[in-house]
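Protein chains: 2
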Amino acid sequence: MSLMWSVKVVGLGVVALSLSLELLGWVFGRCRRRRTLNKVLFFPSKVSCVEHLFSENSACSCFCPLPHGVETSFSCLLRHILSASSSLDLCVFSFSNMDMSRAVLLLHSKGVTIRVLSDKDYSAITGSQIGVLRKAGVCVRCDAGSVHMHHKFAVVDGRLLITGSLNWTLTAVQSNMENIIITEEAKLVQPFIKEFNQIWALNDPALSYKR
Amino acid sequence: MSLMWSVKVVGLGVVALSLSLELLGWVFGRCRRRRTLNKVLFFPSKVSCVEHLFSENSACSCFCPLPHGVETSFSCLLRHILSASSSLDLCVFSFSNMDMSRAVLLLHSKGVTIRVLSDKDYSAITGSQIGVLRKAGVCVRCDAGSVHMHHKFAVVDGRLLITGSLNWTLTAVQSNMENIIITEEAKLVQPFIKEFNQIWALNDPALSYKR
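Chains as they are written, first to last, in UniProt numbering: chain L, 1 to 211; chain A, 1 to 211.
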């Protein structure tokens with residue numbers, strides 16, 4: 001074997017090795033991208049029993065007359081809310097849905113750090129769950145600075161954004177045409193986390209005592 | 001040179017070539033991913049002059065008392081709406097913002113195919129721009145099937161989704177706390193296109209004549 005051939009073989013080997021590393025990076029990149037959740041839910045949702053979502057035992061038996069074992073937009077939304085293991089930041093204009101309130105209370109009882117921001121006017125209307133959450137010891141702040149705090153978003157564990165047109169009410173879930181985006185896309189999640197922290201800090205009750 | 005060495009060299013060459021192709025694909029993939037727009041806008045927006053966005057001449061002179069040359073959430077939103085070159089599908093609960101109406105009319109005058117879906121009740125309130133658009137010849141359909149058609153989204157050229165909590169009103173833009181996501185992420189855009197087409201078809205006036 002000539003020296004030139006040896007050089008060529010070694011060179012090709014180096015190229016093959018570096019390209020293999022690039023390929024590995026590409027494969028890992030693709031796997032990571034595939035895992036990034038991007039989901040859209042539309043409402044009104046079909047009505048089904050969601051009792052199993054609140055039970056530790058996934059095979060819970062419920063004898064209510066609603067359809068069982070059916071995945072609907074609402075059960076999917078509830079599942080993602082209930083997936084919180086460390087924190088739930090919730091910023092919602094109107095909150096009167098009992099199942100969603102029950103989900104927040106369940107997470108609170110499990111030690112998940114909950115922060116709830118709501119609109120001052122709408123938190124006081126009949127059926128609002130804001131008072132219920134407050135009484136249960138959930139941290140709640142109401143915005144009085146703007147005409148309306150009209151957001152409807154939640155951030156689960158600082159990584160999952162749930163946002164859209166849907167207020168957390170029964171009418172929104174069962175009667176209106178609404179949409180919800182559920183995404184882990186950092187470029188979308190991070191600005192919402194920043195926005196939440198800003199509104200949360202602006203509505204610190206300690207600030208109003210100082211004024 | 002032995003036969004075995006030739007086989008090794010050719011084999012390594014093939015590996016290097018295939019990996020180079022993978023690398024090229026990876027580079028193109030990364031470039032494409034980088035270009036995928038994912039943006040979040042928050043409101044209320046600062047108020048600034050948006051006259052230049054409606055002018056063919058980018059250096060248009062406006063002498064109104066509002067700040068000029070300032071990029072705000074609203075000017076950014078308007079810019080993305082006005083970027084439509086072939087179609088704009090708009091599905092919005094409440095539409096009374098004059099600048100946004102002007103943008104839709106400008107696109108219509110340029111030959112962009114516009115379809116507007118709105119809520120039946122809210123399209124009839126004082127200040128609604130739905131009648132103005134209809135009179136100008138824009139295709140408008142109002143949903144009467146649900147309690148409220150509460151969506152607030154637009155799809156530009158079948159590729160760009162604009163969605164969030166913001167109704168197309170002056171209060172939403174200048175006074176409320178609101179959010180808008182602007183994204184080209186296909187997994188988010190495509191379901192909204194499908195949803196729009198379904199609601200559009202469901203509210204075809206020809207269907208109500210047949211009923």
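No wet-lab data here; the hints were simulated from the structure.
Quantities reported herein were computed from a predicted structural model and do not represent experimental measurements.
It is possible that part of the hints are untrue.
Copies of the same chain are indistinguishable here, so a pair counts whether it falls within one copy or spans any two.
Said to hold, decoys possible - Below, simulated DSS-like cross-link-like pairs (lysine-lysine); rule was C-alpha separation at most 30 angstroms, straight line:
#1 194 x 46
#2 8 x 120
#3 135 x 8
#4 135 x 187
#5 194 x 120
#6 187 x 39
#7 39 x 194
#8 110 x 194
#9 135 x 39
#10 8 x 194
#11 120 x 135
Going back to the hint list, which numbers does this structure go against? 2, 3, 4, 9, 10
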